[in-house]
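S.K.: The residues making up each chain are set out below.
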Amino acid sequence: MGLFTLFARLAEPPRPGTGGWKIRTGDGHQGVVLMEGGRICWANHDQGGRLSDEIERRFGVDRSTIEQVIRLCKERNKPFGASLVEEGCITQAELASALREHTCRSILSLVKAGVYQCEWVHHQGGGYAAETTITLAQTVSSCVALLKGLNPEGLEASLETIVAGEAAGLLVHAAARLPISASVNPVAWSELRSWFTWALHVDGACHLASQAFLAGRGPKGGWVLWRVGSIIGLAVSRSEEVQRRVLLRVSSALPDWAVEQPRP
Amino acid sequence: MSVPPELDQLRGATPQCAGVALFQGAPLTVIASSGEAALAGWSSWEDVAEIAPSLLEEGPSAVSEVLLRLPEAMLLLSAQPGGVVAVVMALTKAGAGVALVQARVTASKVSG
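Here the protein sequences line up with chains A and B, keeping their order. Sequential numbering of the first sequence, starting at 1, is according to our numbering. Sequential numbering of the second sequence, starting at 1001, is according to our numbering.
By construction, these hints were calculated from the structure, which means they are not laboratory data. Where a beta carbon is used, it is the ideal one built from N, C-alpha and C, also for glycine. One or more hints might be untrue.
Stated by the list, open to error - Computed list of chain A residues with no C-beta within reach of chain B, every gap over 10 Å:
(1) 39
(2) 160
(3) 229
Claimed, not checked - With a straight-line cut-off of 35 Å between C-alpha atoms, the simulated DSBU-like cross-links for lysine-lysine are:
(4) 220/A / 22/A
(5) 1109/B / 220/A
(6) 1093/B / 220/A
The shape of chain A in the complex, shown without the other chains:
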């Protein structure tokens, strides 16, 4: 299974979408993708990196502190990430960032190893904090961004300067012809596929110049499609008022809109 084929499978968890995908790879190893309410919480591949290593590397938390938190977690039966925040080792935002990167890298590792089995297992959910879970659209876009050497969080921040949490949207890499960011406002899997295909079709037909944009307006809301360099942006709103605000932000922000940010 390729990345998009795997996500097409992950996009259809039995209701209410809380449980885990147990994944076996062609090299005889296994992994898991956990979901709550249809959102991705965590993924792991037994051949992938460890979250604790990632936290040590990115945030400079020393190994002895991490080991101490792991001991506390076992004693108190508490989740590792939340304990790191409670103990003041990292912030909630840093935890969310580390979890997202670990999840995406684990999924990429699973795909690279060759997914041949993906089975759903129901469970009650681990009570993940909402801010540490992400949509499938965000996850697959972040995976693509990582593959392209781009910074998923930087891309998402750039997208949110336009959609501002009130519209749904995407960033598409024109040359790669793939989505590299999805908005916090959820974009359903089917929308992701149809929106980025349409955006690429329109961009190709209209030969959009950098900093040009298209805006559609109708009784059921509207959309704005823009291009800066090799990035195509799309914002979709369901109300005229939101559409008006998105259009204002696009027209004022595009001259200075910096989106292609190298990874730190």
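Given chain A, work out where chain B should sit, using these hints.
M.R.: Showing chain B alone in chain A's frame:
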């Protein structure tokens, strides 16, 4: 099918208007036009007619109006009772807002 005779007049009434066209049918075809679409980056009105259904009907939501905004010009596509109208406007110091209002007024006056 009636052909509007007033496109030249409409275009002449707004100095910034570089072109107006009326499309009808399925697939959309050019029924009448005045001026050109080149200012908005299009080589012909036929090219505009070809992409118009994708923009108006096939996007994330069906829309009745599409604005293509370039640094120095804009193209307005508007679904009117008599067909789809395209208006190309040059942008002046008066700003894009004024040009958009003028384009909408022009589009509303085209009757198929």
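S.K.: Evaluate each hint against the coordinates.
M.R.: Against the structure, the hints come out as follows:
no.: 1; hint: 39; verdict: 21 Å, holds
no.: 2; hint: 160; verdict: 18 Å, holds
no.: 3; hint: 229; verdict: 15 Å, holds
no.: 4; hint: 220/A / 22/A; verdict: 40 Å, violated
no.: 5; hint: 1109/B / 220/A; verdict: 24 Å, holds
no.: 6; hint: 1093/B / 220/A; verdict: 33 Å, holds
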